[in-house]
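Visitor: Modelling step: build the complete structure from the supplied sequences, incorporating the hints.
Protein chains in written order, with our numbering: chain R, 589 to 840; chain L, 101 to 434; chain A, 141 to 757.
Quick caveat, the hints were computed from the structure, so don't treat them as lab data.
The C-beta atom is built at its ideal place from N, Cα and C for all residues, glycine as well.
Some clues are possibly wrong.
Across the chosen pairs, the derived CB separations fall in these ranges [claimed, not checked]:
#1 A:Pro177 / R:Val839: 33 to 41 Å
#2 A:Phe692 / L:Val383: 57 to 65 Å
#3 A:Pro177 / L:Asp324: 54 to 62 Å
#4 R:Arg648 / A:Val640: 51 to 59 Å
#5 R:Leu649 / A:Leu499: 14 to 22 Å
Given next are the chains, with one letter for each unit.
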Amino acid sequence: MVETNKASALRLGMLIFGALAVATAVEFLLALFAYVLPILVVIALIKAGLVMYYYMHINRLFEADPDPDQESFSYKLMTNRIGLWFFMLSDSFIFGGLLVSRFNLLGLTRPDVNQFTGLGVTSLLLISSFFANRAETAMVHGDRKQTTISLVVTILLGLLFLAGVIGIEWRIAPFRPADNVAGAIFYAMTGFHAFHVLTGITFLSIVLGNNLRMRYTSEKHWAVEAAVTYWHFIDVVWIIFYPALYLIGSVH
Amino acid sequence: MKHFFSIAVLILASTFAIHAGMIDLHLLPKQASLQAVSIDQLFAIYMWATAFVFSLIVVPLVYSLILYRRRKGETGDGAHITGNSTLEIAWTVVPLIAVIYLAYLGAQSLAEIRRIDQTAMVVKVIAGQWYFQFQYPDYGFSSPELHLPVNRQVDLQMTSNDVIHSFFVPEFRLKQDILPGRTTELRITPTSIGSYTVSCAQLCGANHAYMRATVKVDSQQDFDAWVASQKATAGQNPVLVGEQLAQQYGCAVCHSVDGSKGNGPTWKGLYQSQVSLTDGTKVTADQTYLLNSITNPNLQIVAGFSPNVMPQTYGQTLSKDQVSALLAYLESIK
Amino acid sequence: MKKLIPLGLIRGWVWQIIGTAFGVGLVTGIRVLMHLPPWKAEPSAVVGGLFGALFFIYGVGVFDDWILWASGRESPDHGDEMKLGWRRFFGPSNNHKTIGVQYLALSLLLFTIAGIFALIFRVKLAVPGSKLLTPTEYNTLMSLHGIVMIISVLIGISAFMNYVVPMLIGARDMVFPRLNAFSFWIAVPAGEILLSSLFMGGFDTGWTGYPPLSAQAPLGMQMFFLGVSLASFSSILSALNVLATVIRLRAKGMTPFRMPIFVWAAIATSIISLTATQLIGLSFQMVMLQRLLGMGFFDPIKGGNPILFQYLFWFYSHPAVYVFVLPGLGIISELLPVFVRKPLYGYKWVAMSSLAIALAGFLVWGHHMFAAGMAEYLRDPFMVSTLLVAVPTGVKFFSWVATIWRGKITFPTPMLFVLASILVFLLGGLSGPPNATVSTDLQLNNTYYIVGHFHDALYGGYVFPFFAAIYYWFPKMTGKRMSEKLGKLQFWLMVPSFTVMSLLMMRIGLLGMRRRVSDYDPALGFQADMMVMTIMSFLTALGVLVFFINLFLTLKRGEAATGNVWNSRSPEWLVPSPMPLHNYDQELEVVGEPYDYGLKDSPYVRFHGESEDGRNQ
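Guide: Dropping the structure here:
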């Protein structure tokens, strides 16, 4: 069952990434040349939906338990999934609060930030989600080697994202955090998000280490699924934050 | 069912008794504004509603506790009744209708108290730690007391010099927070001549409890006379101006002029006296010292007092002329 | 270190000292690298406090299993922790009953401390012009009374949900036992840090912490913000555990409408705690950032908006009050049938009413801001949504009365406290609607009326149900029964005195007496009321003291009570007391309705099969 589907699973991952890449290109160009706010919102929601369905497998939450025995592995696996999603649900309220703050403070204006670095870091994160998905898919099909490679690439891209945001964007921004409210909210939103990226990288690294110790199998690899799902969650947050900070509104 | 009849009678009796008791207690202060009228009408409805709902729950409850208590030697359980859909729907829908009606009354009342009178007099309210200042832009003076002519709407345009404060006069039934960096509005039409107190109703720091000012509602003639006298004394003898400012800005809350102890050093005989500071040194309270005490208070703290109690903002909020007037006044207190 | 210092709590404190020093060192080091003067109190205190807390829970041993898993190793079987005796309460336990007791102890400790703060300032307030406390001391004690009470309530709620929910649904434990231990232990340094604000200049903003005042308040303010942020994680993760447990570990045959009603209350409470709590953390962290880094979210000079803080803060803090009361209301519904021997009337509607209150509670936060200066058009909608919450609340009251009607009623101590809860929560609920309609609220907001209203709601919705629950489940927890005599004494000391105090609060509030004032003008004529309120508060405190005496005497030499003391149908009473280590040795199946008192041959649960051997957690 498993081997014949691996190729198609990997293909699906690539297809979804393609769709995300196209959507990102479209929202970038629209924002710059043909600004229509509702479309930007819709694109962000579509991107988020794609990641949540195809990469995070949110549909699994609603599947019936294959084994009703509460002590069985599959039952506990589903319990763990529910726990992780509750965690992400809770976490999303922080980001929701920051988003509300951004619109309350800046209205339909936006911070004067660099579009190219913005697109750049966004692309890094999207590509990293592609590789994270690849890592999980490989694991499902028992390919530890591919899992390792894909995890390494994901982590590297995550580190590059942090370098891009903290190393570059925070330096070149035309305001300091304490200057004005645009500065405050920009650094707060990117800062809270970057902290989550850091924890995600840490989690992925731990999983990478354990994979090298051959702790996971195609049947039992909850930690891989969890770390990758959490990574995708961080990506979804950025899918919303990116247009909110870079694309929506006019510069002061 | 005789029980339901008895309970109904008791509920009615209880409702009237509790309501009568509430009225007897005179739970609301004197009504002194036009806006208070609709508010008090709504309170009156609440008194009936509260008395009734309280009785509706407590009477059957107590009745049951007495009637159905387990007597000595009684075994067995209560009646096996799990519910009644009709009743449950009824006690969901009826309260729903009641609260929707209350919401309607509430919206009406709110619209009533926010009614705008185009001929309203504008008074600017400046709040700060821990004072109120009332400016009359129509007449060109400011005062630490709020004087209002009866039966005329006043449009209070309020802003804060530092933290969030609030304007509250219980007899007017109105309250509005005062924010820094923006103007909030409150419209009041006083209807009863007399003297009232406006207190700050938003915790604003150490001396929040003492942040009060006098509100005087006068007849039109008395109000006009007061305006005339205020205009006359504005901008005269700097010592008098300084004295007024010291009142307006609440300095007297902490600094006495008769030598008694307060949160801040007394001003009696301060000028040119020797002052011991917390760092052990002794300095002369010359004009520079006094100036620094107002505009840069943490620079030199008198021994026995603490930093950060004196507000730090006077340097920004007072004009040069105002500071000079204050200095003149301070120097005059022997 | 485990061999050197066997007690987790002591290890935790040792590591807390190390962590605090590390945090301070980190800040100092970064400042040196940035060519700034090395020492600055505020960032050092915040970072020191944060690392102190994290190292504390590491030291206790909360992270041990997770660290093993992260390095690819197996964690040990935690075996029978009962071998540790009393020491198990001072270390990282994975057993929900042990953790429940830990939460309970912490909750009672914080409740007592916060209560003492209140007694102190009530003495000052009894006499206008009293110099017992300076204004800032008063403001600090008053603020700490508020927040420490709130934290004690949240922790008390975690105590009950953790102890009782697995028993009620027929489970061995919670789904995430280690997370449970984390949730408890993070609350300990959170409480310490909160209380440390007393020694760091205090703070004068009330527990609501509004900027700009909180942005310029003394250092104690940061300890308040940090303490609450840490405590919020306890609340959030505890809720996560409860929700997942109820979804996944119900016994066979326990369909949603065959769960004990308290479980519905726990679900509704946890939905709120899981989600909304993040907003108080965020709003406080934003003020912390404004203070530490000058980020002007709420500073008008930098374009910030002080009202934004209030929106974020109240978006949690209103639903929070439903977190405070929904479990207690669930306890009332759970206990009434037992003492009136009659089904809970309209069980399904009562269950749904908890959910309805929770969901509606998310839509009303603006009613705390009617006078705040928010946009005018927002006031009416919040009024409407607020009034609507009365409907599901009313459903509960009517159901309680209908449950009692035609019952067979006895009045042991738990029942007395349940009745007190109903009466006092009724006062709390009835005093609500005048706050909901905007125009009347303009009179009442920020006065003692509000203080009376929420104290009624809190005592009726939490404090009295909390005591009812302790008296009720104490035999299950310990195999002993608390003294009825002392219990009734506590009841008669607490209930009338508290009720009188709350009514007086509402009276002077209606007449215009402001809240949060350290002093007041005797000319207002409230001196007598304030004096009586102070006396009442001491009587209430005396009642609490009687409770503690009862508790200690019972633990020492209480009357044994190992069977089904209350003749309850609920499954936990069908096994011996104290509750066995893993609750039910035999599998449990639900075969009937939970509250079919009065119906012959209608068991709720049946036990099946052989005993399992003690499985690992």
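Visitor: For each hint, tell me whether it holds in the structure or not.
Guide: Verification of the supplied hints:
1. A:Pro177 / R:Val839: 33 to 41 Å: Once the Cβ atoms are compared, 37 Å apart, the range 33 to 41 Å for Val839 of chain R and Pro177 of chain A holds.
2. A:Phe692 / L:Val383: 57 to 65 Å: holds, 59 Å
3. A:Pro177 / L:Asp324: 54 to 62 Å: Roughly 60 Å apart at Cβ, these two residues keep to the hinted range, so it holds.
4. R:Arg648 / A:Val640: 51 to 59 Å: holds, 57 Å
5. R:Leu649 / A:Leu499: 14 to 22 Å: Given range 14 to 22 Å: holds, Cβ gap about 20 Å.
Taken one by one, the earlier hints all hold for this structure without exception.
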